[in-house]
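Note that the numbering used here has the sequence shown beginning at 349, numbered continuously upward.
Simulated from the structure, these hints should not be mistaken for lab results.
Here the structure is a predicted model, which is why all the values come from computation and not from measurement.
One thing to keep in mind: the hints can contain errors.
Claimed, not checked - Straight-line Cα separation of at most 25 Å, DSS-like style, residue types lysine-lysine; simulated pairs:
| no. | residue 1 | residue 2 |
| --- | --- | --- |
| 1 | Lys350 | Lys402 |
| 2 | Lys402 | Lys505 |
| 3 | Lys402 | Lys524 |
| 4 | Lys524 | Lys505 |
Unchecked claim - Pair by pair, the computed Cβ-Cβ distance ranges are:
| no. | residue 1 | residue 2 | range |
| --- | --- | --- | --- |
| 5 | Arg552 | Arg532 | 19 to 27 Å |
| 6 | Asp362 | Pro465 | 13 to 21 Å |
| 7 | Ser564 | Gly443 | 35 to 43 Å |
| 8 | Leu561 | Pro465 | 24 to 32 Å |
| 9 | Gln491 | Ser368 | 20 to 28 Å |
| 10 | Leu395 | Gly512 | 38 to 46 Å |
Idealized CB from N, CA, C, for every residue including glycine.
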Amino acid sequence: MKLAPSLLNADFADLRRAVSYIEGLADAVHLDVMDGNFVPNITFGPLVVRAVRKITRLPLDVHLMIAHPAEFVEDFAAAGADWISFHAEVTRYPGEILGMIRGYGKRAGMVINPQTPAHSVFDYLELCDYVLVMTVMPGFGGQAMIPEALEKVGEIKREAARLGLQVEVEVDGGVKTENLARVREAGADIVVVGSSIYAAPDPRRAAEEIRRLLDS
Numbered sequence: 349m350k351l352a353p354s355l356l357n358a359d360f361a362d363l364r365r366a367v368s369y370i371e372g373l374a375d376a377v378h379l380d381v382m383d384g385n386f387v388p389n390i391t392f393g394p395l396v397v398r399a400v401r402k403i404t405r406l407p408l409d410v411h412l413m414i415a416h417p418a419e420f421v422e423d424f425a426a427a428g429a430d431w432i433s434f435h436a437e438v439t440r441y442p443g444e445i446l447g448m449i450r451g452y453g454k455r456a457g458m459v460i461n462p463q464t465p466a467h468s469v470f471d472y473l474e475l476c477d478y479v480l481v482m483t484v485m486p487g488f489g490g491q492a493m494i495p496e497a498l499e500k501v502g503e504i505k506r507e508a509a510r511l512g513l514q515v516e517v518e519v520d521g522g523v524k525t526e527n528l529a530r531v532r533e534a535g536a537d538i539v540v541v542g543s544s545i546y547a548a549p550d551p552r553r554a555a556e557e558i559r560r561l562l563d564s
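Please model the entire structure based on the sequences and the hints provided.
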């Protein structure tokens, strides 16, 4: 399994130090972009992505929790995003956005909220490099996982296999050491961990423990 720590709960006054905690342990850096429209919170835009790009060679996994992702794909691609995902709930034409992301040479992903059925992405799996399954409601870090949402991981992987496609499934929301085994059993390929690392007294040690559990 790949580990993609989320910087949402990190100290933005010292991003270089925050990223240093996960260097050598993470497979990507997860960046949650919120617009105060699609979700009731505001985080950051392309400038912060560009700043993180300058301090790490890890792939940047940019999760667009925004109402109009098509308008910003170019900006985030130019800022250094390697993976770009957007929510299925915000558009009737996801294929166009997926094509746009791929056109910039980036990995393209769709995201589904806990109440959104897995089949909502089935028609677009051929254009997806990955699908992100939210196991909390988007907008805030530190929430408790909604375990029922994990069932969609298997549904998506089975449909991708039926179609002969290689599509990774990412899980984001409330992942902690105590439920990591359940996430693994669900079949997730990528796991996003935020507050369990950055709210810990020793973020580096917390990241090492999660890495150990993923590799065991």
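Here's how the hints hold up against the structure:
no. : hint                         : result
1   : Lys350 to Lys402             : holds, 22 Å
2   : Lys402 to Lys505             : violated, 34 Å
3   : Lys402 to Lys524             : violated, 29 Å
4   : Lys524 to Lys505             : holds, 23 Å
5   : Arg552 to Arg532: 19 to 27 Å : holds, 22 Å
6   : Asp362 to Pro465: 13 to 21 Å : violated, 41 Å
7   : Ser564 to Gly443: 35 to 43 Å : holds, 39 Å
8   : Leu561 to Pro465: 24 to 32 Å : holds, 30 Å
9   : Gln491 to Ser368: 20 to 28 Å : holds, 26 Å
10  : Leu395 to Gly512: 38 to 46 Å : holds, 40 Å
Hints 2, 3 and 6 from the earlier list are contradicted by this structure; the remaining hints agree with it.
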